[in-house]
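Those sequence lines, one after another, are chains Y and X. The first sequence begins at 1 in my numbering and counts up one residue at a time. The second sequence begins at 370 in my numbering and counts up one residue at a time.
Don't read these hints as lab results, they were simulated from the structure. Some hints here could point you the wrong way.
Unchecked claim - Result set (BS3-like, lysine-lysine): computed pairs, CA atoms no more than 25 Å apart in a straight line:
| # | chain 1 | residue 1 | chain 2 | residue 2 |
| --- | --- | --- | --- | --- |
| 1 | X | Lys392 | X | Lys480 |
| 2 | X | Lys486 | Y | Lys45 |
| 3 | X | Lys397 | X | Lys480 |
| 4 | X | Lys480 | X | Lys493 |
| 5 | X | Lys437 | X | Lys486 |
| 6 | X | Lys541 | Y | Lys45 |
| 7 | Y | Lys331 | X | Lys453 |
| 8 | X | Lys450 | X | Lys437 |
| 9 | X | Lys541 | X | Lys437 |
| 10 | X | Lys393 | Y | Lys331 |
| 11 | X | Lys392 | Y | Lys331 |
| 12 | X | Lys453 | X | Lys437 |
| 13 | X | Lys541 | X | Lys493 |
| 14 | Y | Lys344 | Y | Lys331 |
| 15 | X | Lys393 | X | Lys437 |
| 16 | X | Lys392 | X | Lys453 |
| 17 | X | Lys526 | X | Lys552 |
| 18 | X | Lys493 | X | Lys526 |
| 19 | X | Lys480 | Y | Lys344 |
| 20 | X | Lys397 | Y | Lys45 |
Claimed, not checked - So the derived list for chain Y, only partly shown, Cβ under 8 Å to chain X, looks like this:
| # | residue |
| --- | --- |
| 21 | Phe32 |
| 22 | Arg36 |
| 23 | Leu37 |
| 24 | Val42 |
| 25 | Tyr44 |
| 26 | Trp347 |
| 27 | Ile351 |
Think of the CB as a built atom: it goes at the ideal place given N, C-alpha and C, for glycine as much as any other residue.
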Amino acid sequence: MFASIPTLCFYLPFLLLFTLLAVYVERKLAAFIQDRLGPMEVGYKGTLQSIADLLKLLQKEIIIPQAAHQKLFLLAPAWILITALLGFAVLPVTNVWLGAPTHTGLLFLLGMLSLKVIGILLAGWSSNNKFARLGALRAATQYLAYEIPVGLSVLCVILVTHTLDLAHISAQQGLATYQIDGTHVTSSYLLGIKGLEVTQYGGFLTWNICRMPCLAIAYVIFLVSSLAVSNRTPFDLAEAESELIAGYQVEYGGIYWAWIMLAEYVVLFLMTMLGVILFLGGWNTPFPNLGSFQLALYTNGYPSTWLGSFWASFWLLGKTLFILLIQMWIKWTFPRLRADQLMKLCWAYLIPLGLLTLLLTLWWQFLIL
Amino acid sequence: MFTYFKNIFSILEGLRRALQLTKKHLYKSIRASSNKKNHYTYVPEAGNTITLQYPHQALIVPKRGRYKLHNEIDDCIVCDKCVKVCPVDCIEIEAIPAPEVIGLTSNGMKKRIHAAKFDIDMAKCCFCGLCTTVCPTACLTMTSTYDFSVFDVLEHKVSFATMSEQAIIDTKQVWSEHVERGKNL
């Protein structure tokens, strides 16, 4: 349990900064997509806008509705935030700054995500408000549905990596020098073909989506369902502004609302980072070694050195932030789905596709064995 | 089964086109945001964002625009026409006649009346412009100032008279003496 503390020491302050930045970037991006300018007044081009917003939220009075269940109403935002943050305990930062050394890290992370839904239900129920309750119900049904495609796509990765430890999954997708267990090096084959060993090349060739082409499909499934799991547009039915005002968070204000908002960005970041670790090589560089020109080694450094740690965290966070930008672009492009469309997308398209990908991956793995 | 896959591909094509559309707008706006040019037209120019950063940038108002009233008190002959024509009674004038001509306006009309008070309540004003039409010396005009919000509504009452209280008492004295003299004659 204490082994996760160093990881949390990195992620907790980082997430606060990240949320401030993400809110600003998101507002700017939305404005640009809609031909506006976005925040411009606070700081240079509005860079300090999120800090001003945060200060405003801190000053606000905390109002608890009379008909609300007082204790549960106050517990819910904390529950949502804590469960979202706990997921980070098993995420590695660099190849020496690993998360909690659990053999079931992935399972723990998905479990924490499920616990967050209890917090949302709690917030919706204790608010004693019809909009909040509807929003919470929608969030629960949505989560129950989309947990399955997430699970299926994660299962595809586990078939390839044979481990649930996120640090080992990251390590397998790079050079042999990067692998944590030096005595047992996992070889990487391009497209899962036995003749094409690429372990010494590294780079994007050893990423999971290249090691096993089925995982590219699995990543698309994962990306779509991770948007749904983190309640983002086009799947933000739980907090649909136009119909439910703000869904389960409608009665919250001030710092409690800020916690819920923080948790939302935290879960978004968590899911994106999980996707990067599972499919896009985690902390490994995208550049492969080319003969004597050891590009992968130059851009990843040696493990357990300062430079190596810097490169590892740089690639991990850089890839995550890049995918996040794409997700924001998606958010401001697509309209919200209807509830029936949401369920249809999950049960009629994503789950069959996920099962098919799982079978395909299994068959491909047998061919390699 | 065929329509199932047809649906998937038509939807994917739609999503791709939507993403491209927003990407186009994103690039266009980022390029435009570094563009320092002010907005001078009501319709945003091509390749510009629609945001008008108001206190820093402002639209040019039309020349005929009817905004805040201004009275050039030196040119005012205190004829009271504006008060009579005002549909909302926002102009208040206190006139003190003088025994002789007290000056000339810039267009050569003789001034015979002192303006002890010339208040226009902008909060009442309906910006119809009738007072400027009837003004014989064209001293009452509508300026292009349109942003004059205040914290207290009483501040909207603008005084244009420049006479000091002592001057008012003096001119009243002069006029009452003149009237007395007329009675005695």
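Hints versus structure:
1. X/Lys392 x X/Lys480: The hint is violated at about 68 Å.
2. X/Lys486 x Y/Lys45: 48 Å, violated
3. X/Lys397 x X/Lys480: 61 Å, violated
4. X/Lys480 x X/Lys493: 28 Å, violated
5. X/Lys437 x X/Lys486: 19 Å, holds
6. X/Lys541 x Y/Lys45: Answer violated: X/Lys541 to Y/Lys45 is near 60 Å, above 25 Å.
7. Y/Lys331 x X/Lys453: Violated, at about 60 Å.
8. X/Lys450 x X/Lys437: 19 Å, holds
9. X/Lys541 x X/Lys437: 31 Å, violated
10. X/Lys393 x Y/Lys331: 16 Å, holds
11. X/Lys392 x Y/Lys331: 12 Å, holds
12. X/Lys453 x X/Lys437: It holds: about 19 Å lies between the C-alpha atoms, which stays within 25 Å.
13. X/Lys541 x X/Lys493: Not satisfied, since the Cα-Cα distance of roughly 29 Å exceeds 25 Å.
14. Y/Lys344 x Y/Lys331: Given pair Y/Lys344, Y/Lys331 holds - Cα atoms ~20 Å apart, limit 25 Å.
15. X/Lys393 x X/Lys437: Outside the cut-off at roughly 42 Å; violated.
16. X/Lys392 x X/Lys453: 60 Å, violated
17. X/Lys526 x X/Lys552: Between X/Lys526 and X/Lys552 the Cα gap is close to 38 Å, so the pair fails against 25 Å, i.e. violated.
18. X/Lys493 x X/Lys526: Roughly 9 Å between the alpha carbons, so the hint for X/Lys493 and X/Lys526 holds.
19. X/Lys480 x Y/Lys344: 85 Å, violated
20. X/Lys397 x Y/Lys45: 17 Å, holds
21. Phe32: Hint holds; Y/Phe32 Cβ to chain X Cβ min 4 Å, cut 8 Å.
22. Arg36: Interface hint status for Y/Arg36: holds (5 Å vs cutoff 8 Å).
23. Leu37: 4 Å, holds
24. Val42: At about 13 Å, which exceeds the 8 Å cut-off, the nearest Cβ of chain X leaves the hint on Y/Val42 violated.
25. Tyr44: 13 Å, violated
26. Trp347: Since the shortest Cβ distance to chain X is 13 Å, the answer is violated.
27. Ile351: 14 Å, violated
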